[in-house]
Amino acid sequence: MKLNERSLAFYATCDSPADNSGFLYKRGERHTAYHRRWFVLKGNMLFYFEERESREPVGVIVLEGCNVELCDSAEGFAFAIRFGGNKSRTYVLAAESQAAMESWVKSLSRASFDYMRLVVRELEKQLEEMRWGPAGGCGASREHPGSWKPKQCPERLPALPAIPPKENGCAVWNNALGVGQPPDTSGCGGNDDEGTPRPPPLPPRRRVLNGEATVESPSTFCQLHERYSREVARLRQDWLQKQRSPRP
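Take the sequence shown: its position 215, counting from 1, is numbered 215 in the UniProt record's numbering, and each next residue is one higher.
The hints are simulated quantities; they were obtained by calculation from the structure and are not laboratory data. Check the hints yourself; a few may be wrong.
[Claimed, not checked] Derived EDC-like pairs: lysine to aspartate or glutamate, alpha-carbon spacing no greater than 20 Å straight-line:
hint, residue 1, residue 2
1, K26, E69
2, K106, D19
3, K42, D15
4, K42, D19
5, K42, E5
6, K26, E102
7, K26, E75
8, K26, E96
9, K42, E53
10, K87, E69
11, K42, E56
12, K106, E122
13, K106, E64
14, K242, E231
15, K26, E51
16, K26, E50
17, K87, E29
18, K106, D72
19, K42, E102
20, K106, E96
21, K125, D114
22, K42, D114
23, K26, E53
24, K42, E75
25, K106, E69
26, K87, E64
27, K26, D72
28, K26, E56
Please construct the entire structure, taking both the sequences and the accompanying hints into account.
So this is what it looks like as structure tokens:
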């Protein structure tokens, strides 16, 4: 892994809040002597300095793919950071008290991205259960949180009104209630005796016979046509009479 020393030094000493900090005793790699160092934990990086006021860290430990566990050592309150692999180094540290050791072990165990990923998955699972009920319920989902999809319970929807059938693209009203009833000649809807709204009169429908379009006129349309034609004829007759009469 390649790390930029300047960027690491700046990140270690900047004003960003640290997850944990304090003095620990670090055992040397070649010599088993312990040296007191100032440690600062930020994210998944554990920096250590010679002194608390030092401007640059002496080293950094990237806390990925490791385990933090207690160990037996000549120094009290000791714990180790072990990495997988045969040639990987094991860092042995010691705290100054039992409380400090427990605090560091807890902080270091939660510093890796693997741990954060597990926490996020658990939170997603809890959020899913809060939204759609506990496991085994109506909206339970045992799928992976990454493939979470909302599920809805089947609900009884209100009955929709019946859609009138169509003939030649025109709606035909259901005549189950009006079988044997004469058509309404008033030209508008209205209500019947039981308060049920009557359908409006149908417009003329076109049908193609032998390549020629013919208009089929329902009885209601014929009656309307006959009534208005008589009215037009009467008005025309009155107008002709006025034109023929001498003007004063």
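Status of the hints after comparison with the structure:
{"no.": "1", "hint": "K26 <-> E69", "result": "holds (15 Å)"}
{"no.": "2", "hint": "K106 <-> D19", "result": "holds (11 Å)"}
{"no.": "3", "hint": "K42 <-> D15", "result": "holds (11 Å)"}
{"no.": "4", "hint": "K42 <-> D19", "result": "holds (6 Å)"}
{"no.": "5", "hint": "K42 <-> E5", "result": "holds (16 Å)"}
{"no.": "6", "hint": "K26 <-> E102", "result": "holds (16 Å)"}
{"no.": "7", "hint": "K26 <-> E75", "result": "holds (10 Å)"}
{"no.": "8", "hint": "K26 <-> E96", "result": "holds (12 Å)"}
{"no.": "9", "hint": "K42 <-> E53", "result": "holds (17 Å)"}
{"no.": "10", "hint": "K87 <-> E69", "result": "holds (19 Å)"}
{"no.": "11", "hint": "K42 <-> E56", "result": "holds (15 Å)"}
{"no.": "12", "hint": "K106 <-> E122", "result": "holds (19 Å)"}
{"no.": "13", "hint": "K106 <-> E64", "result": "holds (15 Å)"}
{"no.": "14", "hint": "K242 <-> E231", "result": "holds (17 Å)"}
{"no.": "15", "hint": "K26 <-> E51", "result": "holds (13 Å)"}
{"no.": "16", "hint": "K26 <-> E50", "result": "holds (11 Å)"}
{"no.": "17", "hint": "K87 <-> E29", "result": "holds (13 Å)"}
{"no.": "18", "hint": "K106 <-> D72", "result": "holds (18 Å)"}
{"no.": "19", "hint": "K42 <-> E102", "result": "holds (18 Å)"}
{"no.": "20", "hint": "K106 <-> E96", "result": "holds (16 Å)"}
{"no.": "21", "hint": "K125 <-> D114", "result": "holds (17 Å)"}
{"no.": "22", "hint": "K42 <-> D114", "result": "holds (16 Å)"}
{"no.": "23", "hint": "K26 <-> E53", "result": "holds (18 Å)"}
{"no.": "24", "hint": "K42 <-> E75", "result": "violated (26 Å)"}
{"no.": "25", "hint": "K106 <-> E69", "result": "holds (10 Å)"}
{"no.": "26", "hint": "K87 <-> E64", "result": "holds (16 Å)"}
{"no.": "27", "hint": "K26 <-> D72", "result": "holds (14 Å)"}
{"no.": "28", "hint": "K26 <-> E56", "result": "holds (17 Å)"}
The structure is inconsistent with hint 24 alone, although it conforms to all the rest.
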